Amino acid sequence: MPWAIELMLFIILIVAALIALQLRNLLAAVITLTIYSFIVALIMISLGSVDVGFTEAVVGAGVVGIYLVVAIFKTTRKSCD
Amino acid sequence: MITQTQSPIIEIAARGLAPFIQLLGIYVFFHGHYGPGGGFQGGVLLAAGVLLLRMSMGSVHSQAHVSSKKTVALCALGAFIFAATGIIAILGGGEFMDYHYLPVPFLEGPDLRYYGILFVELGITMAVMTGLVAIYDDVLGIGHAGTN
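Chains as they are written, first to last, in my numbering: chain C, 1 to 81; chain A, 1 to 148.
Since the hints were made in silico from the structure, they are not lab data.
Owing to the predicted nature of the structure, the values given are computational and were not obtained by experimental measurement.
Warning: the hint list may mix true and false statements.
In silico SDA-like links for lysine to any residue, alpha-carbon gap of 25 Å or less [unchecked claim]: (1) C:74 with A:131; (2) C:74 with C:21; (3) A:70 with C:63; (4) C:74 with A:94.
With these hints in hand, go ahead and build the complete structure from the sequences.
Next comes the structure, spelled out in structure tokens:
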């Protein structure tokens, strides 16, 4: 049965990546990228690498999301020129 | 990001949640010998607690937890601890990061390696935590005077 779980995780991964590419709202795209990172961490853990999965969950789903939100906060939707 | 506290719910939730995130970070740091985790992950978790306070309470009100003036200096100190432990092991007669040759009295063999690894991971934790907070402050343009 583990292959079914991994297949489901890969499907969610690809769907989350495509949604993050298609979204026009940047904040929603950041949240979707956080989901992507978390699914990557779950795939790493299901492959047996707990340490890499833990690092991915902490960095990818935690700090990178904060930095991207800050980057969006510092930019504007319309260009100035 | 929020210059003044706009929502009491967000502030109360963040102030209640951040100590537990940092407690988990300290646990991961000390548990790095036995299981998954270590200095980097623990440092990122500690930084996540600080960044949660920075985002929810604003940069001015969260200066009491980790000051923006000290982050770069503490990051350099952590990197110095990491490198100096390895170089002291070279001076003691071993290879780089060979903790068995650290000149520490009253410690032999496995204990010396245990505390050597713990000391190196302390340096990594300090460098990663304060480095991430310094990146956040610099991206937001928070100067050393604590403006914004």
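Check your understanding: Within 25 Å, alpha carbon to alpha carbon, are residue 74 of chain C and residue 131 of chain A?
Key -> Within the cut-off at roughly 20 Å; holds.
Exercise for review: Assess, step by step, whether the Cα of residue 74 of chain C is no farther than 25 Å from the Cα of residue 21 of chain C, and give holds or violated.
Suggested key: holds, 21 Å
Check your understanding: Are the Cα positions of residue 74 of chain C and residue 94 of chain A separated by 25 Å at most?
Key -> violated, 49 Å
Check your understanding: Holds or violated: residue 70 of chain A with residue 63 of chain C, Cα cutoff 25 Å?
Key -> holds, 20 Å
Consistency with the previously given hints fails for number 4 only.
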